[in-house]
Amino acid sequence: MGEKKSVWEHLKAWVDGEEVILDADKYIVNRSKREKKNWRRNFSMEYIRGNVKLYRFLSIAISVLFIGIMLSVVNDLPEFGNPANPADNEVMERYLESGIEETGATNFVAGMILDYRAFDTFGEANVLFLAVMCVVLLLKKDQKNYSAKEEQENREDDFFDENEKRPILQIGGKLLAPLIILYGIYVILNGHLSPGGGFSGGTIIGAGLILYASAYGQKKMQTFFTFRTFTLICVGGLLTYCACKSYSFFTGANHVGFEIPKGIPGHILSAGFILPLNICVGLIVACTMYGFYALFTKGDI
Amino acid sequence: MEHINLVHNIPFFSIFLAMLCGIITALVKNGRVAYKIHTIMVLVVGIMSGILLASVVKNNEIFTFMMGHFPAPWGNELRAGPLEALMAVTFSIVMLLMVSGGSEFIFKDVLPEKQPLYFIMLNALFGAMLALVYTNDIFTAYVFIEINTIASCALIMAKGTPQSMVGTTHYLVISLLGSGLFLLGASILYSITGHLLFPQMKEAILEIIKTEQYRLPLLVVTGFMFIGIAIKSALFPFHSMLPGAYHAAIPTSSGILSGLVLKSYVILGIKLIYCVFSEYVMETLKITEVLFAFGLAGMVMGSVYAMKERKMKRMLAYSSVAQIGYIYMGIGMGTRVGMTAACFHILAHAITKTLLFLCCGSFVEDSGGKEKIYHMRGAAHRNLLAGVGYTVGALSMVGIPLLAGFISKVYFATASVYSSGKMAAVLIVLGVSMVLNALYFLPSVIAIWTPVKGAESRPTSSVSPVFAVSIVGFIILNFALGIYYRPITRIIQMSIDLLVQ
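Chains A and B are the protein sequences, given in the same order.
Everything in the first sequence is counted per the numbering used here, starting at 231 for the first residue and increasing by one.
Everything in the second sequence is counted per the numbering used here, starting at -17 for the first residue and increasing by one.
Derived from the structure by calculation, the hints contain no laboratory data.
Keep in mind that the hints are not guaranteed to be accurate.
List of simulated lysine-lysine pairs, DSS-like, C-alpha gap at most 27 Å [as the list claims (entries may be wrong)]: (1) 435/B with 374/A; (2) 268/B with 374/A; (3) 11/B with 371/A; (4) 40/B with 242/A; (5) 268/B with 192/B.
Okay, chain B solo, but in the shape it has when bound:
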């Protein structure tokens, strides 16, 4: 028996542990027990991913893990490097804080007999996101996209209100369009390359570019796949399902969907760019330019929509559209510096938007289910901690120094210098978008800190300890990422260099 490298087994363990907990939860009748199983699972996965991250960063390696007895072109494979491990760690931390902080909403808004089902979906969603991050096989990616879609829809509809049904239907239809395009792309890609695994596909595609045979199918396939992923991650013209869905879902679901699920598709897209289509092909086919243009449009339009919105959750949903625009702009710059900025923004947005949704949910609850920003005046005085959390989140999204959002904007601006011909566009749109961000986030911040005339501002409605811990955790994370960003960006740069090889 050879020496077993347990660290290399971590991706496989994480995915299977999440799925296993999802299956076991079906036997549980009590929501609290299901919640405990979920928390322990995420904690264990988080610790394992941390070990994996430390190990791959130390060894500066990216490794593949054979799922079964058969090597690469015949069997399934997972692949993990610093980027994957970093994302897994972030997903675990955010998931842990969000679900524990938002557990009250789950227990209040979901019927007791259906709470375990909600946790089944959360576990499966977590497993599927990990699988999307770790996968090295295009069909595995599709299967887990399916799981992701089903579980996200379940999270939205768990509230059981008519609005949530409408939101779910809209979300389902548009996501299925995305999945369909991805599947179509994958099947045509298989027929012109003859492979399903990323590295072999990459070789075959480079061959196609060289020989000019199947050039048109390749172009169309690339288009389909990236449009599919763009739809899934709600890039600007395909964002219409977000506001309704996030508005109707319970805040925990909205936070997870916006902070993590959208990001898992973006990461899959990044892996496709480097491991399947390669930078050269992306540039030859002009896909990066298209993503860049839509990213810029999304940055502005998302903010414009958000300014028009008067309900807080819908405003946050439109703000997600703008932030996804930022990420695609970074990807579309076509340079590694731009990609680093995009990856950093994925992290920054994941920890910030979940915090905002959590606080927003708490405000809505305090003001008796009223959702307009107008009704939330004085909310910060009623619930001080949530008020501070919302303020930190909003300032981070606007891009105030010391906070995570600032760093990603600095990186975007820096990256624009390296991409020829795009600098002016990036800088102008970045400036406009930041002003717009401030224009819709600051009024809501001022509104929650403005006491209502006449009504006494009670200091606080009781805040549960887990909620407090999770808000404080998110705030600390935000500052940590805003101040000690160097190690993170170094890991990202390293992982991108490894991915390109």
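Excised from the complex, chain A in its bound form:
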């Protein structure tokens, strides 16, 4: 920084992007050195400790403020179960009074989420699908996120899976997994008749699959559940959902007619599209649950 630059030279340097502010040569040299080190910001404890009191004070103050606001809001909210509440209006009345007749489902919740407000549920099913696809994008083994060391570790894990004797877990898994899955199927198929439905039943099936996978290792799972089956089931479920709902939205909105017969409420084959939709949602949820488990443990399905 020995020689003095004229103002014009400074301006020129600034225009070229060499300088940020005038008379800042030294500052720039220092900064660029520091930035070269690492893309991570290295927080030193000293730096943080300097502000620790301020941070603590601010975080407590903001939290207390928000707690205060929230509590006063809750205090002002309508009382739970009071018949004069704003939420007890014609919307709820129609759901409860003519729900069975209009949707054919004795489970009002199923009728609500899969018939009255099926578009939202379509969105939710897509959220699950996208979430699992995101995890695939992030964690599925590829050359960027998978090193030789991890490969080694994974192979060791597989070795233990095959050779370790875990009689309690294995026998338990063998006995319980089919029962759990069967129960999940029951919950899904009776979604329109009793509490439950695609989301809860799918979670139960997923739990069964996870139990089986943790007892017998992922290799064994892959004999019947590969990435291909996973994609096919998810896509098949969503496509069926999409097709059913497109049909019913299109016919409903344009008053075309051709309504799906509702059947007799209470029978297993009733409630129009709700049963197939529950099955689709159940399949997607089950695959998603197991997919998360498999991807987070091994980075593959």
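Add chain B to chain A, keeping to what the hints say.
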């Protein structure tokens, strides 16, 4: 069978087509095929939205579309008018040009086996943005905000580098804060109004204002929802996730996130203002004033941060913060003229910022991955088309006549006359912000046109035809919007009048 009005089905078709393509793409193994599916889908949606726009403008109508067999307070509903159709058309055009122009970056930076996944996310993101534009139901809005968040994070992390992971995490945490506040607001709003659909909510809220019951929850809910949307659209104090995320993502993602995704939340906010809270309530609760103040702060601070930045992409990210500030300032003026300016700026910024990110990505590639403005000297000589594109984009952002950015600034200045008490603030901050804009954009423009001493400036590294087409398309759009702006602003004014009814 009654007569079917196919035009009214277009919002439903567009959303479902985008989601359907997203689902089908999961079966595709080759990135190129996925790219083709995506392009065709966006093209079809764009054409359909164009037809919808022509039809609603001709009939001067805003219509609701029943999603299913059940009418409004019981079932879901979509709603489309000129504003929605205009936004859908813009989103389709920008998406088409951006993805085709930036397809090289996708194929280069994303691993081949993961390219189809990237396109799944693009399709879903597009569908979710359309749904946010068309929705007439607050819970549908929340569901599609979720999809939007997930897909945006996937777009950022698709590059797979450590930086992109850090950027994604930061983006995810802050966006989830926004979604959480929105959900909290929606659920409390449901418990005090008893409805989820916009028109019914509006009536209930007017009732609340009249009777004074649940006044405090209403105030807090309004605050939560608008803070949530402000966080999602990176209004000034909540902007910290943008630079890291945009810097680390591939240029295509950065352009889409900055040009379109932020805007989809702003449009949702505008719909909430007119269809749920109504102008009167917004004024009584002083929400517009708060948005106005933060908008002004964002305009200045975004530019100040951008001036300090020496990496081009981060500079563009901070510039987005400033532009979002402009939009919120327009909304915060609380007049329809201000809203028109804000809506026009949404369009102008969408076509300009995507162009800038596209050119910037190409410069970075030409200079061998170096990202500082300093290293980009002479970049325009190496890649002439991108240089011209960047210059046009930068000049438009600064506000040079004949370009889109100028018109929106003129409209902001005009609108300030109509909002009493805010004129001086608007004009002063607008002036300061424009000077600041020039102070950070022009040096980068001069830098890219300055040849490097010693190094020969090769005329061009080969430019692929789609890239050229998309840059030229963006430049033409920019001039078109800057010269023939009257029809667009007329459509916006008309749609705002329709929304208020």
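For each hint, the structure was consulted:
For the hint linking residue 435/B to residue 374/A, the alpha-carbon distance of about 38 Å lies beyond 27 Å, and the restraint is violated. For the proposed pair residue 268/B and residue 374/A, the alpha carbon gap of about 51 Å is over 27 Å, so the pair is violated. Proposed proximity of residue 11/B and residue 371/A is supported: the alpha carbons are some 16 Å apart, at most 27 Å. Restraint check for residue 40/B and residue 242/A: the C-alpha separation of about 54 Å exceeds 27 Å, so the hint is violated.
A threshold of 27 Å between alpha carbons decides the hint, and for residue 268/B with residue 192/B the separation of about 17 Å falls inside it, so the pair holds.
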